[in-house]
Structures are given as structure tokens and as C-alpha cells.
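Q: Listed below are the residues making up each chain.
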Amino acid sequence: MEASDDKKTFDFVNIISRSEKPREKGLSMVLDKGFGLNQVQDLMEAAHCIDIIKLAWATPRMLSERMIKRKISLYRENNILVGNGGTLLEIVYKQKKTEQFFEYCCEIGVELIEVSNGVLSMSIEDKADIIRSAKSKGMSVISEVGKKNPLEDSMLTLQDRINEAESDLKAGAHYVIIEAREGGRSIGVYDDSGGLKEDMAKTLVDELGIENIMFEAPDKSQQARLILLFGSDVNLGNIRPEDVIALETLRRGIRGDTFGKL
Amino acid sequence: MEASDDKKTFDFVNIISRSEKPREKGLSMVLDKGFGLNQVQDLMEAAHCIDIIKLAWATPRMLSERMIKRKISLYRENNILVGNGGTLLEIVYKQKKTEQFFEYCCEIGVELIEVSNGVLSMSIEDKADIIRSAKSKGMSVISEVGKKNPLEDSMLTLQDRINEAESDLKAGAHYVIIEAREGGRSIGVYDDSGGLKEDMAKTLVDELGIENIMFEAPDKSQQARLILLFGSDVNLGNIRPEDVIALETLRRGIRGDTFGKL
Amino acid sequence: MEASDDKKTFDFVNIISRSEKPREKGLSMVLDKGFGLNQVQDLMEAAHCIDIIKLAWATPRMLSERMIKRKISLYRENNILVGNGGTLLEIVYKQKKTEQFFEYCCEIGVELIEVSNGVLSMSIEDKADIIRSAKSKGMSVISEVGKKNPLEDSMLTLQDRINEAESDLKAGAHYVIIEAREGGRSIGVYDDSGGLKEDMAKTLVDELGIENIMFEAPDKSQQARLILLFGSDVNLGNIRPEDVIALETLRRGIRGDTFGKL
Chain A
1 MEASDDKKTF
11 DFVNIISRSE
21 KPREKGLSMV
31 LDKGFGLNQV
41 QDLMEAAHCI
51 DIIKLAWATP
61 RMLSERMIKR
71 KISLYRENNI
81 LVGNGGTLLE
91 IVYKQKKTEQ
101 FFEYCCEIGV
111 ELIEVSNGVL
121 SMSIEDKADI
131 IRSAKSKGMS
141 VISEVGKKNP
151 LEDSMLTLQD
161 RINEAESDLK
171 AGAHYVIIEA
181 REGGRSIGVY
191 DDSGGLKEDM
201 AKTLVDELGI
211 ENIMFEAPDK
221 SQQARLILLF
231 GSDVNLGNIR
241 PEDVIALETL
251 RRGIRGDTFG
261 KL
Chain B
1 MEASDDKKTF
11 DFVNIISRSE
21 KPREKGLSMV
31 LDKGFGLNQV
41 QDLMEAAHCI
51 DIIKLAWATP
61 RMLSERMIKR
71 KISLYRENNI
81 LVGNGGTLLE
91 IVYKQKKTEQ
101 FFEYCCEIGV
111 ELIEVSNGVL
121 SMSIEDKADI
131 IRSAKSKGMS
141 VISEVGKKNP
151 LEDSMLTLQD
161 RINEAESDLK
171 AGAHYVIIEA
181 REGGRSIGVY
191 DDSGGLKEDM
201 AKTLVDELGI
211 ENIMFEAPDK
221 SQQARLILLF
231 GSDVNLGNIR
241 PEDVIALETL
251 RRGIRGDTFG
261 KL
Chain C
1 MEASDDKKTF
11 DFVNIISRSE
21 KPREKGLSMV
31 LDKGFGLNQV
41 QDLMEAAHCI
51 DIIKLAWATP
61 RMLSERMIKR
71 KISLYRENNI
81 LVGNGGTLLE
91 IVYKQKKTEQ
101 FFEYCCEIGV
111 ELIEVSNGVL
121 SMSIEDKADI
131 IRSAKSKGMS
141 VISEVGKKNP
151 LEDSMLTLQD
161 RINEAESDLK
171 AGAHYVIIEA
181 REGGRSIGVY
191 DDSGGLKEDM
201 AKTLVDELGI
211 ENIMFEAPDK
221 SQQARLILLF
231 GSDVNLGNIR
241 PEDVIALETL
251 RRGIRGDTFG
261 KL
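Residue numbers (our numbering), protein chains in the order written: chain A, 1 to 262; chain B, 1 to 262; chain C, 1 to 262.
Errors might be hidden in some of the hints.
The list treats identical chains as interchangeable, and a pair is accepted whether it falls inside one copy or across any two copies.
[Unchecked claim] Calculated cross-link-like contacts (lysine-lysine; reagent style DSSO-like; alpha-carbon spacing at most 30 Å):
| hint | residue 1 | residue 2 |
| --- | --- | --- |
| 1 | K97 | K197 |
| 2 | K94 | K170 |
| 3 | K69 | K137 |
| 4 | K33 | K220 |
| 5 | K7 | K97 |
| 6 | K170 | K261 |
| 7 | K97 | K8 |
| 8 | K137 | K220 |
| 9 | K202 | K69 |
| 10 | K137 | K7 |
| 11 | K96 | K220 |
| 12 | K8 | K135 |
| 13 | K21 | K137 |
| 14 | K21 | K33 |
| 15 | K137 | K170 |
Quick caveat, the hints were computed from the structure, so don't treat them as lab data.
Bound-form chain A, shown alone:
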């Protein structure tokens, strides 16, 4: 069933090799804003290029449990980890339903818990507590660093981000996502036109380790730049479904932007 077992088209063409799933590095995470089942079926042709699907913010709250369960089953059959959006965790935290949230995630097959404080004011310590709590239930955890509001985000110093990321990792987060939202503008490592702040990205990688970071990178130019800077095996998130295969060609050195440059 897994598409990676099939003979590929033009398989006599040499490409940069990468590890197979489950991967330790070079992860690609796709943002699912409410895909329907036909679209998911189509997307699974590229399942070998997708490590994680994030059910975007609180979108599942508007969709039927029946449908979300079928979707999660399809993802898991294709060896894709399914995670929640950080905003949903923040909402249940504010509503004091975190325990119920973890149990329900287990029940429906959401195995990867994302812990963020992109909207709420939440101390580093409280965030670490939530991470430890999810870990203690046997779940995998990732954390996110950054604010959803560009003005609030701009008030975080680089050192603030590093401190928070280090605290999250110490509490048990598998890796830290650098927030960029669906839009990839004016937040974290991106400027107002979506350009990469290279010095900032490099410092984060130097301080935290490339294997401990995932950059949200919705735009092709962002993906290409990060791959040229950090190599094929940089972890990238918030990929649009129509760009999943395109991203893999960037990683493999078979798109114009990276051909002959990796």
C-alpha cells in the first residue's frame, strides 16, 4: 500500500538519496486545514515524502469525528504521524480540559502532541509542565516557539527563543518548531515579504542543533533557501499539500533551485 514500495517513474535518473521513513531527520510536515477523503487519497501517492500531518489549529472541531477518524486511519496506514495544532492545545488549556484532550487524542489516533504558547501568555515553566504531562502518558511531544501576532512575536528576542526552546527540549520535546503560521510572513525567521533572516536561522541551528529544529516554511522560496543553507535533511513544516512532491524534488536536487547545488 505504501507508495514507496513501487517502482518509480524515470528510476534510471540518479537523485540524492535520503533515509526512508520513519526518518530521524529531513522530516516534512504537511498542514491539513480540513482535507476531504478524495484529496487525502490523492495525497497518499506522495506518502513516502510525508512524515507528519498536522491537523491545523482547531479545524477538526468543525468536522465530524467519523470523517476525522477515517482520515487518521489513512494517514497511519501510510506510516504518517498525526499531530494536533498548537492552538487547539492552548484552547483546551485555557478551558482546563488538558487531561480530557490527551485522552481523546489517544482515542482517535493523534499520537503527536504539539505544545505551543502562540496566543496565550504561558510561562516557560507551565509549558514544560504540559510537555512532561503529555510525555508521561506515553505520547510524543513537539513544541512550538513564537507568537501568532507579528507585533507580539517581534518582542521576543533571539535569546528568549533559544531559552524557551532549550527548556522545551529539556522537558522532553522531540524537537522545536519555529513558528511561521500558514502565511510565512513577519514572524520568527521571516521578514515582511517572507524572506529568510539567515543570521537568525543560523544562530538557532548553532545553538539548538539542526536535528532539534523544524522550520515552518510554507513558501517554495523559503524551502529552497533553507535546503541550500542547511542541506537536504533540514526539517520543514507547514507544507501545502500541492507542494509536497515539489519539496521532495528540492531535497533530492532535481528542481532548478537545487539541481547541481547540493
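Fit chains B and C to the known structure of chain A by using the hints.
A: Just chains B and C, lined up with the frame of chain A:
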């Protein structure tokens, strides 16, 4: 069949409540540029978030009647009203086939007639005549105010828009759409970069009544801004299919932009 | 099976007439970045508006041969020519596997060979050799002029482009594509914001002949501008799947931008 009857995912999470369909306010209108049947099937998982589907401008003219009829059936089974694009009405008006147009719309299940003068020079009186004519055939009517060409649109004063909208409403239009096109730039209430002209939007709402206006708002930032200004139940149009669920999360206060702010 | 045989919706509405497929002019080429089969099925409702599908750059290399073959079959049943992306040709050229590439294209049903030098430094003479080689195997050939890197592309003069295009045509290329990539910015006939450089476009048309050129034109504003400048039957490429029907309405004079202007 209607997805809203199903148990929702994470249904223990509290959200802002809204009226069920058929709604009087807080309508969401999706622009169908020629969706295929698999895509429509997927979209119907979010049918409870969609009040109206507009068959964009004259796109149905290029598609088979067989397929459009099946699509309209699917929409109507899911309690979604189907409307024509205003440009198609303007074309048949110019070709002196308005009567034939109304009859054919009835025949294929297009129940909502949009009357616009976005391309043609059409007097307010002629527009009102068309609205009355459609009403007399038992159809629901909405009107659109604004020009498709940014230069022409910029020559309409705010008072021109209010006068025309009032005339349309008086002639029987159910509500008035504020034109923004598919792109949402340089027209009506949006500036050249898609930012909302808040004073203009507020004056329109004050003069016409929030329940009598639908703002076309293709971009997320426009949707979020209008919801923060006018509340969850502002009528919004030209929503992209992939953004329907995202819009509903904005209205319900469970996306970063509106979480804790409504 | 071909949708063009069906009775169209609103078929009493007069539109600008165009030749049927296979067309000699007014071609529309769609960029397939890895569509799944449900999406292809949907897209085939508009098959009468699509002349060519280009399998974008090296994306097929990441997909199963089984799936690509099924996709190509669907396209061919609907009288759509299938072509490779130029970057893939450049990769096999560099890997000295051009002959194997041509044979494999024949085997899987890729009938249209695109020859480009958008990434590699390849002399005009070498490019012409590849074109002649593909022609000698009975394949149709198109060529592409322009560089994928904006900086490199900016160093090509207009005369360079004309010389190369003339050499390609003389070697047997059916027509020449003016490179714009998926993004349509800062390359060839487009400026940094995607605006059309009209003088440049006109000179290319004057020197090479409108029937010998296809403009890549991913954005609606680019498509509308080129149709208004050169007429309904300008050849346009890199159309997004969701815009295929919209483009046809532009060509037929039934969208706001071209209604009453062709």
C-alpha cells in the same frame, strides 16, 4: 447526509455558538470556479459552514450541463443555495436574453439571482428593473455594488455606493454584495495590498445595516479583520474552498486571530 | 468521454468561438506538479480547454510508474498531449542518459519533449542537437528559452533570446516557450511584481511569429493582459489546474477582464 448532524471531533471544546442553516446572518458564500465532483464531495464535509455557492462569473458556460446539474443537486441536498455570477447576468442582459436566463436558472436549480453592473454601464433604474423582474418570477435576488475595473471602481464615491445599494434593497434585493473580485485588491473596501479601508466598511454598515451587506473577502486577513470589527455574524463572500473550515474557526473564536477576542 | 461533446450549460449565451482540439493556436498548457487521480478525474471535465499537460520538472521521478501511467492514459483518452518538464531533460543530459530518456518517454506515453537550458550552461548548438535527436525518433519537440535563476536570466538580452528561439525553431521545435517558472516573477517578460513587459513581449511576437511562441503565464492578470494584447488565440502555459476554466472564459470574452473587449 448533512455533516452538521454528526458528532464533531473534540466536541468537548467550547466554541462560540452560531445559528444553524438556513441562517439569517453570518452567511458564508463560496466561489465555485469550476469544481469537479470529487472536490465537491470533499467540500460537503463542511456543508454546515456553507450557506451559498456562487457559480463564478460565466464559468458554467464552459462546462457540461450534465455535470453542473449533478453539482447543483449535491449542493441542494446539503442545504446550500446556488447562485449565478453577476457577470453572466450582465452578458445575458447585453445579449437581450434575460428572460431566457431566468427560466433556465429555474430549470437547473440556480435559485439565487445575482444582479450586478460590474462591467456594463447600467443605470440604477435599469438594475432595479432587473431585480424586480427576477423577484416577480419567485426567485431570490442579491445585488452587487462596485466595478470590476479598479480605475472605474475608484470613481464611485462612497455616497454613490450607498445610493445604489439602497435602490437595490428597495427593489427587493435580499442583501447587497460589496465587490472585491476573486483577488481582493484595489476595489471597494480594499486597498492595493488587500488591506481593509475600515472607515469605508464602517460607514457602509452604519448606513445600510450589517444584515443587508455581504463583504467579498477572499483573504484570511480580510476575513479576520471583518470578524473582529463586526462580529462572528458578518456575511462574507468569495471564500476559497480550501478556506471554508478555516473561516468557520475564525467565526467560532478558535483560530489564533480571534481566539479570546470575540 | 470527451467533455466537449456534451451540451454546455447556458448554451444560449453567445461566446467567442475558437477552434476545437487538436488546435494549431490558442493552446493552453497546464502544469501538473503531481496531481492525484481524483484531481485528474475532476480536471477532465475541462479537457476541452486543455491542449497540453506538462509533468512539472522532475516531479514524476518521485511518483510510482503505475500511477503516472494511469494518469497519462487518462490525459491521452481526453486528447491531451503529455510533455516532460525541461529540467528533467537537463538532468538526464548531464547524466548522459538522453537516449534512455527518449525511449522511456515513448514507452510511458510522453509524446512531447521539452528541451530547455534553464539551469545548465548549454550552447545553442548543443540544444539544437538534442532537438534534432528527439525529432529523429519521431517525437514532437518544444523548446524553452530563459534561465530559472532571475539573475542569470537578466543577463540574457532580448536579441539573445530571439537568436536562441530561431535556432530552436530551425532545428525543428514546434514552438518556443518563454520561461516564467511556476511563480511568474522576475523572469523573461515579467517584472518583479509579475507585471508584463509589453515591449519585450511584442518584440518577441513580431520577430518570431505569434504561432511560434507560448508564454508561461501563471497569474490571471498575466493571462488577461496577453489575451488583450495578442487576442484569444495566444498560446499560454503553466496554467494552474483551478484556473483552466477561468482562462477559457477570458479567451471567450465572458469574464469581466475581457468581456466586450475582444
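Q: Give a verdict on every hint.
A: Hints, verified against the model:
no. : hint        : result
1   : K97 x K197  : neither (37 Å within a copy, 39 Å between copies)
2   : K94 x K170  : within (24 Å within a copy, 47 Å between copies)
3   : K69 x K137  : within (21 Å within a copy, 46 Å between copies)
4   : K33 x K220  : both (19 Å within a copy, 13 Å between copies)
5   : K7 x K97    : between (47 Å within a copy, 19 Å between copies)
6   : K170 x K261 : neither (35 Å within a copy, 33 Å between copies)
7   : K97 x K8    : between (46 Å within a copy, 17 Å between copies)
8   : K137 x K220 : neither (37 Å within a copy, 36 Å between copies)
9   : K202 x K69  : neither (39 Å within a copy, 43 Å between copies)
10  : K137 x K7   : between (40 Å within a copy, 26 Å between copies)
11  : K96 x K220  : between (38 Å within a copy, 29 Å between copies)
12  : K8 x K135   : between (38 Å within a copy, 26 Å between copies)
13  : K21 x K137  : within (24 Å within a copy, 40 Å between copies)
14  : K21 x K33   : both (23 Å within a copy, 22 Å between copies)
15  : K137 x K170 : within (17 Å within a copy, 62 Å between copies)
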